[in-house]
Amino acid sequence: MNTLILRTVAPLITALMLLFSVFVLLRGHNEPGGGFIGGLIAASALAIFGVAYGPGAVQRAIRFHPMAIAGAGLFLSTISGFASIFAGVPFMSGLWIYPNVFGVELPLSTVMSFDIGVYLVVVGAITAIALSLETEPDDEDETEGGR
Amino acid sequence: METLFVILIGLFFAAAIYLMLSKFTIRILLGIVLLGNGVNLLLFTAGRLTRQIPPIIPAGSDTLSIAAANPLPQALILTAIVISFSFFAFLLVLAYRAFEELGTDSTDEMRLAEPRDEPLPPTGY
Amino acid sequence: MAAPTSTPVDLSTAMILAPPALGDWLVILPVALMIATGGLLMMIRKSVRLHAVIGLSALALLIVLDAALLWRVWQNGPITMTMGRWLPPFGISFTADIFGASMALASAIVALLASIFALKDISTTGLRHGFVAFLMLMMAGVSGAFLTGDIFNLYVWFEVLLISSFGLLILGSEPRQIEGALKYAILNLIATTLFLISVGYLYAIFGTLNMADIARKEAAIREGAPLVTLTALFVLAFGMKAAAFPVNFWLPASYHTPRITVSALFGGLLTKVGIYALIKVTVMLFPVEREAISLAIAVSAVLTMILGALGALAQNDLRRMIGYVVIVGIGNMLAGVAVGTPVAVGGAILYALHSIVAMTALYLMAGEVFRLSGSWQLSTLGGLWARSPWFAGVSFALMLAASGLPPLSGLWPKVVLLKASLDIGAWWLATAILVSAFIVTIALARVFLLAYWRPAITDDPMTGDPMASAGAVAAADWRTAAPLCLLTALVLFFGLFPEPLLQASQMAADGLADPRAYIRSVFPEAATP
Chain A
154 MNTLILRTVA PLITALMLLF SVFVLLRGHN EPGGGFIGGL IAASALAIFG
204 VAYGPGAVQR AIRFHPMAIA GAGLFLSTIS GFASIFAGVP FMSGLWIYPN
254 VFGVELPLST VMSFDIGVYL VVVGAITAIA LSLETEPDDE DETEGGR
Chain B
12 METLFVILIG LFFAAAIYLM LSKFTIRILL GIVLLGNGVN LLLFTAGRLT
62 RQIPPIIPAG SDTLSIAAAN PLPQALILTA IVISFSFFAF LLVLAYRAFE
112 ELGTDSTDEM RLAEPRDEPL PPTGY
Chain C
8 MAAPTSTPVD LSTAMILAPP ALGDWLVILP VALMIATGGL LMMIRKSVRL
58 HAVIGLSALA LLIVLDAALL WRVWQNGPIT MTMGRWLPPF GISFTADIFG
108 ASMALASAIV ALLASIFALK DISTTGLRHG FVAFLMLMMA GVSGAFLTGD
158 IFNLYVWFEV LLISSFGLLI LGSEPRQIEG ALKYAILNLI ATTLFLISVG
208 YLYAIFGTLN MADIARKEAA IREGAPLVTL TALFVLAFGM KAAAFPVNFW
258 LPASYHTPRI TVSALFGGLL TKVGIYALIK VTVMLFPVER EAISLAIAVS
308 AVLTMILGAL GALAQNDLRR MIGYVVIVGI GNMLAGVAVG TPVAVGGAIL
358 YALHSIVAMT ALYLMAGEVF RLSGSWQLST LGGLWARSPW FAGVSFALML
408 AASGLPPLSG LWPKVVLLKA SLDIGAWWLA TAILVSAFIV TIALARVFLL
458 AYWRPAITDD PMTGDPMASA GAVAAADWRT AAPLCLLTAL VLFFGLFPEP
508 LLQASQMAAD GLADPRAYIR SVFPEAATP
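Protein chains in written order, with our numbering: chain A, 154 to 300; chain B, 12 to 136; chain C, 8 to 536.
It is possible that part of the hints are untrue.
[Claimed, not checked] Derived contacts from chain C toward chain A, CB cut-off under 10 Å, selection only:
#, residue
1, P26
2, G45
3, G46
4, L47
5, L48
6, K53
7, L57
8, V60
9, I61
10, L63
11, M88
12, M90
13, G91
14, F97
15, I99
16, G137
These aren't lab readings, by the way, just hints derived from the structure by calculation. Where is the CB? At the ideal position from N, CA and C, for every residue including glycine.
Construct the entire structure; sequences and hints are all you get.
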């Protein structure tokens, strides 16, 4: 898919969708949205970029291998669950802190870091699958597929 | 309302099973997708169907009103959707790779791991 | 984002306010440890050399955790932790009883030993494709399935172990692996979807998914609810996962395609998770309904055993033959479920524990056979006795264990199952157990005869180098020898001293037949209805 129109617009759409995915991720705590949906939006952004410029370009753009991103998300989510061992509450209990950043009270929680972990898992796993579907059979070794 | 949903679920299952009886992998996969969606509807129906009040706690209150919809099936369905979606994506890659490597999408022709002419073990030496 | 200053709410009606005992963390730690390690290994996927170190130490830690868990459950009865402070049945509970904890411990031991074997068997490419990470995630799924106390959560763990098993199955991306993986993936996905359908019906009937909650409500709901149909659906779903006849054909179609370590892990662990879920649901949750369909389960058990044994007899490929031996074991465990008395269920649990160790060992033995002689085919194997006497001895012991002959651990579960089925007068079930064991003995004895005693076959005796092909004693590699010897020592030890295992399995079965302690662990305030 090497049309000029797509190639021109793809970076713009990708950037916009990535930004929107972060918005959906952070909004998800109290309103519709969340890590899974945000991750899907980000993964489709990367997929569009991949359609326009090929999987290799996506791989270079995100620097880390998609599965490594997914692994980081998995790790972050588990660690978020573990934080409650120090607070004396069962696994995966939501813990909150309210640091004051530039005069604004910013509620941060293990729930949020768990959701960011979910976001990363979804981005990584779906991107890996999408890239391996976009890979043409002849440039197989460029990305090793979703496994 | 429930009757309507039950009939719909039945139709989903029937179509899914029909597709899964095919010997071509892509049809089997479509059957699996339909089956997954039928199951989601089933879970949805299992949690009682109401159409009045969404399960959101109103401001100034601590609990849901009694007539509110049941939020749990939605959580279950979301989980099931996530899982069936990722499985479908994976199976799609797998089926595509199988088509590339084996040159066929008919399960009858996939005899590499189970060759037709595998000999019986020797009966003596 | 509720600020902490809003109106005070009485949290005790919805939340657990007492801090959990530190020991209760043992329920969740095995799963969390495996997921975290899996994530970590996926992050550092390039540093292949670290993978083995991290993976082995995590598995060793898993054994320690599972052993501590079993010890604690043994001392204090079932223990529970409910996620996120929500009161059960609204929060997801992890509840460990002796059954779950002992199965988790057995699978952790097997996983560690198999991954030592993998040091030799899995190449660097395999490691780079994430063998260890997938193994960790699969163990997370296995441990989660054994320890969870929530039936929807059980479904989720089934899916976790399923998707990581796909990753393991296609490790080399050879065409035949992809073919096996496709068949395995589609049929197992249908099985878990059937499980999900059953869970949907269960929720419609009970309005709860917590197993302890279901167990205590079951007697009151029994009249007027289609519970027999529901139980039959569960049996079908779990039977498919466990490879029970007539839904077991995915197993011999796929288990011989991956690397042998992966086959060993699958053969040892995955089908047993299906059996575990089957026993838990039918014996603990729906005992009366299980009785109603026990004849159907028994017929399936007999056919699984006999046809599995005949299948083993007909295979030329060593790995496919072992696949059928796994199926015979499943038939035995199903027989225990069909009889359903506490003694019989104890026998089934004992068989599951034995089978986890013995089947993994049998597959690893096949791997060593291939390493020594370069073939899986019975028609070309030969001369292994001469090449490696110690390995021949170990193999002989493992074959005795798999066919259920003394003095190895395969004997005892069969004895218990025979006694239990004769107690209720099911002589035909007992006959099937004996006949299938006899046929398996023949099949395995033939392997020993052909692969070990028969002189090595050289195509051309003039040019074939006798030292290389026949005479030379093969060098042992500790990475393959140690796991095999340890697994054999394990089956030998529990064959000679079966009392602890017999006691554990009987306690586990009693805990399932009378789940009051289990329910009390989840709902401390409520006695039985």
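For each hint, the structure was consulted:
no.: 1; hint: P26; verdict: 4 Å, holds
no.: 2; hint: G45; verdict: 6 Å, holds
no.: 3; hint: G46; verdict: 3 Å, holds
no.: 4; hint: L47; verdict: 5 Å, holds
no.: 5; hint: L48; verdict: 7 Å, holds
no.: 6; hint: K53; verdict: 8 Å, holds
no.: 7; hint: L57; verdict: 13 Å, violated
no.: 8; hint: V60; verdict: 17 Å, violated
no.: 9; hint: I61; verdict: 12 Å, violated
no.: 10; hint: L63; verdict: 18 Å, violated
no.: 11; hint: M88; verdict: 5 Å, holds
no.: 12; hint: M90; verdict: 5 Å, holds
no.: 13; hint: G91; verdict: 5 Å, holds
no.: 14; hint: F97; verdict: 13 Å, violated
no.: 15; hint: I99; verdict: 9 Å, holds
no.: 16; hint: G137; verdict: 7 Å, holds
In this structure, the hints that do not hold are numbers 7, 8, 9, 10, 14, in rising order.
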